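> Here are the chains, one letter per residue:
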Amino acid sequence: MRMPKKYFQQEAETMPVEEIKKIQDEKLVKQVKYVYDNVKYYRDLMDKKGVKPEDIKSTADLHKLPFLKKDDLREAYPYGLLATDLNKCVRIHSTSGTTGKRVVAFYTQNDIDMWEECTARALVAAGATEEDVVQVCYGYGLFTGGSGIHGGSHKVGCLTLPMSSGNTDRQIQFMMDLNSTILCCTPSYAAYLGENLKEKGYKPEDNKLKAGIFGAEPWTEEMRRDIEKALGIKAYDIYGLTEISGPGVAFECEEQKGMHINEDHFIAEIIDPDTGEVLPEGTKGELVFTSLDKEAFPLIRYRTRDICILSREKCSCGRTFVRMTKPMGRSDDMMIIRGVNVFPSQIETVLLNCGYAPNYQIILDRVNNSDTFDINVEMGTEDFSDTPKEITKREKKLQDAMKAMLGINPKVHLLAPKSIPRSEGKAVRLIDNRKRYGITI
Amino acid sequence: MAVKQISIFVENKEGKLVTITDSIAKANVDIRAMSVADTQDFGIFRLIVTEPEKALEALQSSGCFVSITKVVGVSIPDEPGSLAKIVKILARHNINIEYMYAFITVSKKYASVVLRVADNEAAEKILVENGVKLLEEKDIADM
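Residue numbers (my numbering), protein chains in the order written: chain A, 1 to 441; chain B, 1001 to 1143.
Calculated from the structure, these hints are not laboratory results. Everything numeric in this text was worked out from a predicted model, so none of it was measured. The beta carbon of each residue, even a glycine, is placed where N, CA and C say it ideally should be. Any given hint might turn out to be false.
[Said to hold, decoys possible] Computed spacing ranges between beta-carbons, pair by pair:
hint, chain 1, residue 1, chain 2, residue 2, range
1, B, ASN1096, A, ASP169, 35 to 45 Å
2, B, GLU1137, A, THR168, 56 to 66 Å
3, B, THR1019, A, LYS397, 26 to 36 Å
[Claimed, not checked] Okay, the calculated bits of chain A under chain B, using three or more residues with CB under 8 Å as the criterion:
hint, region
4, 382–391
5, 416–422
[What the hints assert, rightly or not] Here are the computed lysine-lysine pairs in the BS3-like style, where the Cα-Cα straight-line distance is at most 30 Å:
hint, chain 1, residue 1, chain 2, residue 2
6, A, LYS389, B, LYS1109
7, A, LYS418, A, LYS403
8, B, LYS1016, A, LYS389
9, B, LYS1013, A, LYS435
10, B, LYS1085, A, LYS389
Given only the sequences and the hints, what does the whole structure look like? Please build it.
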């Protein structure tokens, strides 16, 4: 047996910090000019701020550039932020927007390659070699989770099982029969698989798994330990967002102390979410990304709304890339439910479309390491019915409309008018009981 | 002709029934009959009372989600086969019964049946044509 490679791209992943800085300086100057020349939307933002590409001479000038927010992506939907000919694009991925309009991200083949190299780095950091069997049970499709890891797994040369999400019996059958060694899914699904294996009488040592790469939703150190114990593996965190590419923007190494950001492709900043001011390293604030190599959908200073801390403390794994903590919160009202981004405004849009006033309450909880999602909705006085069948039918209709908008299925409960408790006249919109388990997003 | 039924939407929560029964009691309204339909989350309470408007007002002012539903009331002899007879009449005329419930009065000679159908007038017409005695609001108050 050969010694497994420790890095997928050693030169990039372990280059001296000064070298990273130099590469970022060069790429930023080029990227800003490229975006200014090709993306009218961002050119207008720069012009409005009075910044020209010539003003950006290094990463020290980054703070002069305007931010991009999720609202900008929605406003520019679908082609407004596209920097290249549509002919050069080979794929799209998409994520939910704030009021129903989705965010569509475009990829050229080079963009896909860069992204897959990032996920390949994450896989190798988790111990992947060409001898591994990678079971991908992230969803495939518009969601970036499935195809992102899938592509990285190909690049490493692993045998890839494109399972997609769901169908737990089949997941377990393939895991046991095909000897999966690396599991990729949301942490809650990993926990769920662990419970199912146990129910079927398997012990943690019965499977061949050695590692798991889990992301797309918040999880705690306690959950990590539970999953590691239940599956007999080492569990690695991964971070990413469709707007910037997908999973693999940052990934965890064997130290399990924060995720290394792929700084040869992305610049990370931490800002004060209220003032937009750049904060010094080690300060908690909102994470902002600038993509350096993207061709189709290059975003400059994109505000992730994720709150975290960056650290450049030396890592024993040898990687020199800056590390980010797990997101500790959000600077907007987005919730992550079963790995899916959900905004209260989307729920309000569905209610209005279905003829209900936006008097509702979202109740989130965690049962057996997976999220429960209930929406209580007040009926209007005219919605009265004397038959439960009719009310249940309306609940189902509203639930289907929510599913269509959000991509996940809440349980909708219709309530009597004015039955949602109001404090100072305003109803409490969200009760997140997951906080008890340390889940803060 | 139809009879007024008080329908109340009740969440499956502690104390809800107390609120309902208390406010009816305080309004000094008598309950003649009662039926409940429930799901896991909520129930619908259906009441036939002596003074529906008074009950409605009392329930509304105590914050209940309540409405008056017009239903068909019939009076039938309290003997075997009476209920079967009216159900058959309606079935023969393709009138679907959404729900029904019955109650007997002190006299014990007659039973009263409450029927919820889509079209009250059509059902009533057919029942009358077949010799069934319909109940009126005042019949209920006088029981």
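> Work down the list of hints and note, for each, if the structure agrees.
Hints and how they fare:
Between B/ASN1096 and A/ASP169, the C-beta spacing of about 42 Å keeps the proposed range 35 to 45 Å intact. The hinted range of 56 to 66 Å is satisfied by B/GLU1137 and A/THR168, whose Cβ atoms lie roughly 59 Å apart. Under the hint 26 to 36 Å, the C-beta atoms of B/THR1019 and A/LYS397, about 29 Å apart, fit the expected range. Evaluation of the coverage hint for the region 382–391 of chain A: fulfilled, as 6 residues show C-beta separations to chain B shorter than 8 Å, against a requirement of three.
Coverage of a stretch by a chain is defined here by at least three residues with a beta carbon nearer than 8 Å to that chain's beta carbons; for the region 416–422 of chain A and chain B the count is 4, and the condition holds. Between A/LYS389 and B/LYS1109 the CA atoms are separated by roughly 34 Å; this puts the pair beyond 30 Å, and the hint is violated. The straight-line distance between the Cα atoms of A/LYS418 and A/LYS403 is roughly 25 Å, inside the 30 Å bound, and the hint therefore holds. Taking the CA atoms of B/LYS1016 and A/LYS389, the gap is about 21 Å. The hint holds against a cut of 30 Å.
This hinted pair checks out: B/LYS1013 and A/LYS435 have alpha carbons roughly 25 Å apart, not beyond 30 Å. A hinted pair counts as satisfied when its Cα atoms are at most 30 Å apart, and B/LYS1085 with A/LYS389 qualifies at roughly 27 Å.
Hint check: a violation occurs at hint 6 only; the rest are consistent with the structure.
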